[in-house]
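Colleague: Each chain is listed here by its residues.
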Amino acid sequence: MTVLADRPQTAVPDISPAPGRRKPGIRAPRMVLHTFLVVVALSWLFPVAWAVYNSFRDYGYTSLHGYASFGGFTLNNFTNAWEQADFGRHFLNSAYITIPAVILTLLFSSMVAFVVARFSYKFNLILLAMFTAANLLPPQALLIPIYQMFRSAQVPLWFSDSGTMLNSLAGLVAINVAFQTGFCAFVLSNYMKTIPKEIYESADVDGASVFRQWWQLTLPLCRPPLAALATLEVTWIYNEFFWATVLLQSGDKYPITSSLNNLKGQFFTDYNLLSAGSVLVALPTLIVFFALQKQFVSGLTLGSTKG
Amino acid sequence: MSETTATLATPASPAATSRPGRRGGRSKKRRSTADRITITLFVLIPSVVVLGLIWLPAISSVFLSFTNWNGVGPLTPDNVIGTLNYENAFTNYPPFWPAMMHNLIWLAVMFLVATPAGMFLAVLLDKEIRGSRIYQTALYLPVVLSLALIGFIWQLIFSQQEGLLNAVTGSNIDWFGDQRYNLWAALVATSWRQVGYIMLLYLAGLKAVDASLREAASIDGCTEVQTFFRIIFPVMRPINIIVLVVTFIESLRAFDLVWIINKGRNGLELISTLVTQNVVGEASRVGFGSALATVMLLISSVFIALYLRVVMKEDQ
Amino acid sequence: MSDPKSEPLARLTPRPIDTSFVSRSFSRRTLLEGSLSVAALAALTACGSGTSTSGATAGSPASGKVTWGSNQSDAVPKKAYAEIVRAYQAQSKGVTVKTNTVDHNSFQENINNYLQGSPDDVFTWFAGYRMSFFADQGLVGDISDVWSKVAGMSPALKAAATSKGKQYFIPFTTYPWAVFYRPSVFKAKGYQVPKTMDEFYTLSAQIKKDGMVPMAFADKDGWPGMGTFDQLNLRINGYAYHVSLMAGKESWTDPRVKKVFDAWRKLLEVSQPNSLGRTWQESAQSVQKKQSAMLLQGMFMGQQFTEGPDRDDLDFFGFPEMDTNIGSDAIEAPIDGFMMAKSPKNQAGAKNFLAYLATPAAQQVSVKADTTVIAASNKADTSAYTPLQKKAVKFIAEAKNMSQFMDRDTRPDFASTVMIPAIQTFIGKPNDVDALLKSIENQKKSIFTA
Numbered sequence: 001m002t003v004l005a006d007r008p009q010t011a012v013p014d015i016s017p018a019p020g021r022r023k024p025g026i027r028a029p030r031m032v033l034h035t036f037l038v039v040v041a042l043s044w045l046f047p048v049a050w051a052v053y054n055s056f057r058d059y060g061y062t063s064l065h066g067y068a069s070f071g072g073f074t075l076n077n078f079t080n081a082w083e084q085a086d087f088g089r090h091f092l093n094s095a096y097i098t099i100p101a102v103i104l105t106l107l108f109s110s111m112v113a114f115v116v117a118r119f120s121y122k123f124n125l126i127l128l129a130m131f132t133a134a135n136l137l138p139p140q141a142l143l144i145p146i147y148q149m150f151r152s153a154q155v156p157l158w159f160s161d162s163g164t165m166l167n168s169l170a171g172l173v174a175i176n177v178a179f180q181t182g183f184c185a186f187v188l189s190n191y192m193k194t195i196p197k198e199i200y201e202s203a204d205v206d207g208a209s210v211f212r213q214w215w216q217l218t219l220p221l222c223r224p225p226l227a228a229l230a231t232l233e234v235t236w237i238y239n240e241f242f243w244a245t246v247l248l249q250s251g252d253k254y255p256i257t258s259s260l261n262n263l264k265g266q267f268f269t270d271y272n273l274l275s276a277g278s279v280l281v282a283l284p285t286l287i288v289f290f291a292l293q294k295q296f297v298s299g300l301t302l303g304s305t306k307g
Numbered sequence: 001m002s003e004t005t006a007t008l009a010t011p012a013s014p015a016a017t018s019r020p021g022r023r024g025g026r027s028k029k030r031r032s033t034a035d036r037i038t039i040t041l042f043v044l045i046p047s048v049v050v051l052g053l054i055w056l057p058a059i060s061s062v063f064l065s066f067t068n069w070n071g072v073g074p075l076t077p078d079n080v081i082g083t084l085n086y087e088n089a090f091t092n093y094p095p096f097w098p099a100m101m102h103n104l105i106w107l108a109v110m111f112l113v114a115t116p117a118g119m120f121l122a123v124l125l126d127k128e129i130r131g132s133r134i135y136q137t138a139l140y141l142p143v144v145l146s147l148a149l150i151g152f153i154w155q156l157i158f159s160q161q162e163g164l165l166n167a168v169t170g171s172n173i174d175w176f177g178d179q180r181y182n183l184w185a186a187l188v189a190t191s192w193r194q195v196g197y198i199m200l201l202y203l204a205g206l207k208a209v210d211a212s213l214r215e216a217a218s219i220d221g222c223t224e225v226q227t228f229f230r231i232i233f234p235v236m237r238p239i240n241i242i243v244l245v246v247t248f249i250e251s252l253r254a255f256d257l258v259w260i261i262n263k264g265r266n267g268l269e270l271i272s273t274l275v276t277q278n279v280v281g282e283a284s285r286v287g288f289g290s291a292l293a294t295v296m297l298l299i300s301s302v303f304i305a306l307y308l309r310v311v312m313k314e315d316q
Numbered sequence: 001m002s003d004p005k006s007e008p009l010a011r012l013t014p015r016p017i018d019t020s021f022v023s024r025s026f027s028r029r030t031l032l033e034g035s036l037s038v039a040a041l042a043a044l045t046a047c048g049s050g051t052s053t054s055g056a057t058a059g060s061p062a063s064g065k066v067t068w069g070s071n072q073s074d075a076v077p078k079k080a081y082a083e084i085v086r087a088y089q090a091q092s093k094g095v096t097v098k099t100n101t102v103d104h105n106s107f108q109e110n111i112n113n114y115l116q117g118s119p120d121d122v123f124t125w126f127a128g129y130r131m132s133f134f135a136d137q138g139l140v141g142d143i144s145d146v147w148s149k150v151a152g153m154s155p156a157l158k159a160a161a162t163s164k165g166k167q168y169f170i171p172f173t174t175y176p177w178a179v180f181y182r183p184s185v186f187k188a189k190g191y192q193v194p195k196t197m198d199e200f201y202t203l204s205a206q207i208k209k210d211g212m213v214p215m216a217f218a219d220k221d222g223w224p225g226m227g228t229f230d231q232l233n234l235r236i237n238g239y240a241y242h243v244s245l246m247a248g249k250e251s252w253t254d255p256r257v258k259k260v261f262d263a264w265r266k267l268l269e270v271s272q273p274n275s276l277g278r279t280w281q282e283s284a285q286s287v288q289k290k291q292s293a294m295l296l297q298g299m300f301m302g303q304q305f306t307e308g309p310d311r312d313d314l315d316f317f318g319f320p321e322m323d324t325n326i327g328s329d330a331i332e333a334p335i336d337g338f339m340m341a342k343s344p345k346n347q348a349g350a351k352n353f354l355a356y357l358a359t360p361a362a363q364q365v366s367v368k369a370d371t372t373v374i375a376a377s378n379k380a381d382t383s384a385y386t387p388l389q390k391k392a393v394k395f396i397a398e399a400k401n402m403s404q405f406m407d408r409d410t411r412p413d414f415a416s417t418v419m420i421p422a423i424q425t426f427i428g429k430p431n432d433v434d435a436l437l438k439s440i441e442n443q444k445k446s447i448f449t450a
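Chains as they are written, first to last, in the numbering used here: chain A, 1 to 307; chain B, 1 to 316; chain C, 1 to 450.
Think of the hints as simulated: they come from the structure by calculation, not from any bench. Note that beta-carbon positions come from the ideal geometry of N, C-alpha and C, so glycine has one too. Don't take every hint at face value.
What the hints assert, rightly or not - Think about it this way: if two alpha-carbon atoms lie no more than 30 Å apart in a straight line, the pair counts; the simulated DSSO-like pairs of lysine-lysine are:
| id | chain 1 | residue 1 | chain 2 | residue 2 |
| --- | --- | --- | --- | --- |
| 1 | C | 259 | C | 249 |
| 2 | B | 127 | A | 122 |
| 3 | A | 193 | B | 207 |
| 4 | C | 289 | C | 187 |
| 5 | C | 187 | C | 391 |
| 6 | C | 149 | C | 164 |
| 7 | A | 197 | B | 313 |
| 8 | A | 294 | B | 313 |
| 9 | A | 294 | B | 207 |
| 10 | C | 379 | C | 368 |
| 11 | B | 127 | A | 197 |
| 12 | C | 290 | C | 78 |
| 13 | C | 429 | C | 445 |
| 14 | C | 445 | C | 195 |
| 15 | C | 149 | C | 400 |
| 16 | C | 187 | C | 266 |
| 17 | C | 249 | C | 445 |
| 18 | A | 122 | B | 313 |
| 19 | C | 78 | C | 266 |
| 20 | C | 429 | C | 158 |
| 21 | B | 207 | A | 122 |
| 22 | C | 208 | C | 187 |
| 23 | C | 93 | C | 78 |
| 24 | C | 259 | C | 166 |
To be verified - So these bits of chain B aren't anywhere near chain C, every CB distance computed over 12 Å:
| id | residue |
| --- | --- |
| 25 | 134 |
| 26 | 222 |
| 27 | 238 |
As the list claims (entries may be wrong) - Which stretches of chain C does chain B cover? Using the computed rule of at least three CB atoms under 8 Å from a CB of chain B, they are:
| id | segment |
| --- | --- |
| 28 | 107–113 |
| 29 | 415–422 |
Next comes chain A alone, as it looks inside the complex (with noise of 0.2 Å):
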């Protein structure tokens, strides 16, 4: 379509420095400003990879010779920590919470949004500030009728085999998507209302419906702003906590985040094992942190399309 290419640069902000641009000149402060950043650098990486070294080390070993030794290096952990911990199964259930959430939040922000750039409706601004405020809530403020709410919910055995929203992994999937869908519908409005209203005009006039705009037009315009909101939304959900540690009474249904606190319980003193499960929890978020780290970015700081 010709007219993409008239469309004004609306991507995200790269923040990697431009090339060419160094000053010339004074190279003291320059190193000082070097040393100094790596420096910082490196301790902010230290306890992650003091985790991963940990990891790698016998506690047999370390328990004798204290930590802050080297040698013992083992492999054992990681299949230690798996099978001990039940591991498979509880990356499952966080798979079975995060992408149907993902999937449901996206839809359903980028639905609302869409309304909200594309019609001048009074109630826009009402709605978005809804929805938006609706992100920054305590959730401990929603407890209890949560709670009641779920537990007063009675759907199908196939649907939760609890009978009710509570304990059920549609529960934490339904929680996630109402928190979530604030801010993506913020974010996606404001980019959505970037696209040219000659776009839509056009479409009007060929007859087509407002739902093949939505589908056909706006949300394949909107894929930097919905791959990098997916990036981050899988990321939050995949570490969400609270909800999960509350929601959930089985033990088997925990997922990965908060089986972390069973885990506390039996590995309280093997802390190489702790290490091990903590690197193994965290390696999904890091994956998908070093493979889409501009798209990470970019949806943190989506917003500023319009410059």
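We have chain A; now place chains B and C onto it with these hints.
Modeller: Same frame as chain A, but now just chains B and C:
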């Protein structure tokens, strides 16, 4: 737990696309029924989810705070006890004021140490230097980790028997267990994450500042420091406010890390853990817990309102 | 809110208790009742998808799957429970059990929501006030019919399982709280087991000189410290006062309570410091590593010792006498067991399983795999007991009065939201007791009369 984010509005630049002026004619066009249904559903479905799962519970919590219900059986008018829960919370609940104090300390450290540190690093990384990418990656790596996980990782460092800190310094302090130190230990762990997060937000904002402003300043002979404080900082006012609000809200919501350490007791009391203890525990003091939760809501609402004002104003 | 119970329903005494109460029936939203009472679920995946196999109707023999909620998350008891399931399924004629293990502390904490949500058919719980608190609110199933076929439980045990004339609880195992030590250490250093508190402090001075910590102590989780309070209160003020205090009938600002805290302050001087950052497992391990000499704990602490010669080197003595008028014949021996959900998905299966759990055979499986508890049934074969278990049987049999433990003898909301922080505050600042006691009393008033 969901993250607060800041979607940054550029401080100063006009909209790049042509907008208002042409839209007036749009709304006059008649939409087909199918379209209207679509639009209605598009708004209705997400709104029902958010209203039903977020706003309705929030309001219910406030109502519940005026009762002495314990969660079992029906809620009857007999359960209504007025403001007794609040009186008890303020005067008859020893962990309450320490929790408020800890939240305040948390806020102060985030506001005075972590956030400025993030901003400072953002300014440093805004210069074009080699390896900027690598530094940034190192700094916001903790942001992708769950706070519960961060608790475990720092446990390896802070543990009294097996932690690195004691092994290296030879001290015997129980960093997470001694109530003189554990709040500060938790704050170190949280700041580790917060700095990277703020740095990221601020850096994006800095990049979006019009380059011409900086050039003008350097032509006028301003030093870098002067340029920052006199020109750039004021121009980033909306972002500053957003960063501020994010700091406040996250401080108020701090929960995961502290819960993992010791369920928020013995020096790590926070208002969020108090609510959870009263509601989730065997105790089930639902009415009382709701009163605590309402306190949280009230404090948050101040900052939410501020956030909305800034963010919505930039919009229309 | 129900009235606090002062009747010693939860107390074990050798004399049978008169428990004639009018039974009240609570109506409760029973969402699952009716629709699910006969279905046994075959779903084993976390997602909960799965079809239900045909289950038993109320009258036909039990079959299908029974879900079993367990809080035995530590390695040793978890293994023991797996053994029980194996033994049960071998003779159950088709009833299978699926165990749902949740971290020990989390299980207790979530009980309210657990019971009102979708509890397992059978689940672990405790006797005492902590049981009747939930039974009286209509949150657990009445298993009086199972009790009618149970043999081998003393009348005192039945009383502990009863609330208002109905039984809700099957006692399974019990264990005493006492002061544990390693005989090898005592023998090597020439220590004598103290009978009075004065002897105890003399011994502690000696232990300190020898470079060990006299008394291990941990209170990170909040509840272990309750054990110390209970023992001191039982010794200083007697069993009857302790019961009354737990029932909310005494004022916490009474000088008698202050005496307890004063005695505790003295005890803290010979206890492990920094207890608020230490878990009970770690305190047990400090005894195992011979860094501490003694530990006031339940017998379950033996789980931290590996079976074999390590655990054989473990013995206990009752908490020393502090007042000759009161003596030392009151002990704490919590009873653990099982309850049934109010509306179990497989009621026939659940009752069948519970009946099995009441048998000495089942309990023997457990106490064999986990030798830190003893069977509740008096028909259990004690010949295979370890010396420690045999001593525990004797210890409990000889006691005149038995309490269950603070968090089982009083209201759960009082125990967890008031006493845990209060005890932790005391341990952190042992000198300032008056304000603390006043605060406990005020909070107690607001809770017990709510």
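Colleague: Are at least 3 residues of the segment 107–113 of chain C within less than 8 Å of chain B when you compare beta carbons?
Modeller: holds (count 6)
Colleague: With the threshold set at 30 Å, check whether the alpha-carbon distance from residue 127/B to residue 122/A stays at or below it.
Modeller: With a Cα-Cα distance of about 43 Å, the restraint between residue 127/B and residue 122/A is violated, given a limit of 30 Å.
Colleague: For residue 379/C and residue 368/C, compute the direct alpha-carbon distance and say whether it is at most 30 Å.
Modeller: 15 Å, holds
Colleague: Within 30 Å, alpha carbon to alpha carbon, are residue 294/A and residue 207/B?
Modeller: 15 Å, holds
Colleague: Given the hinted pair residue 429/C and residue 158/C, is their alpha-carbon gap at most 30 Å?
Modeller: 42 Å, violated
Colleague: Compare the distance between the alpha carbons of residue 289/C and residue 187/C with 30 Å, and conclude whether the hinted pair is satisfied.
Modeller: Cα-Cα ~16 Å, so holds.
Colleague: Verify the proposed pairing of residue 290/C with residue 78/C, using a straight-line Cα cut of 30 Å.
Modeller: 27 Å, holds
Colleague: Holds or violated: residue 122/A and residue 313/B, Cα atoms, limit 30 Å.
Modeller: 15 Å, holds
Colleague: Need the status of pair residue 445/C, residue 195/C: alpha-carbon distance at most 30 Å?
Modeller: It is violated: about 37 Å lies between the C-alpha atoms, which goes past 30 Å.
Colleague: Would you mind confirming whether the straight-line C-alpha gap from residue 149/C to residue 164/C stays at or under 30 Å?
Modeller: Distance ~19 Å between residue 149/C and residue 164/C Cα, so the pair holds.
Colleague: Does residue 134/B clear chain C by more than 12 Å, comparing its Cβ with all Cβ atoms of that chain?
Modeller: Label holds. Min Cβ-Cβ 37 Å, cutoff 12 Å.
Colleague: Are residue 193/A and residue 207/B close enough, with their CA atoms no more than 30 Å apart?
Modeller: At roughly 22 Å apart (the allowed maximum being 30 Å), residue 207/B and residue 193/A satisfy the hint.
Hints 2, 11, 14, 19, 20, 21 and 24 from the earlier list are contradicted by this structure; the remaining hints agree with it.
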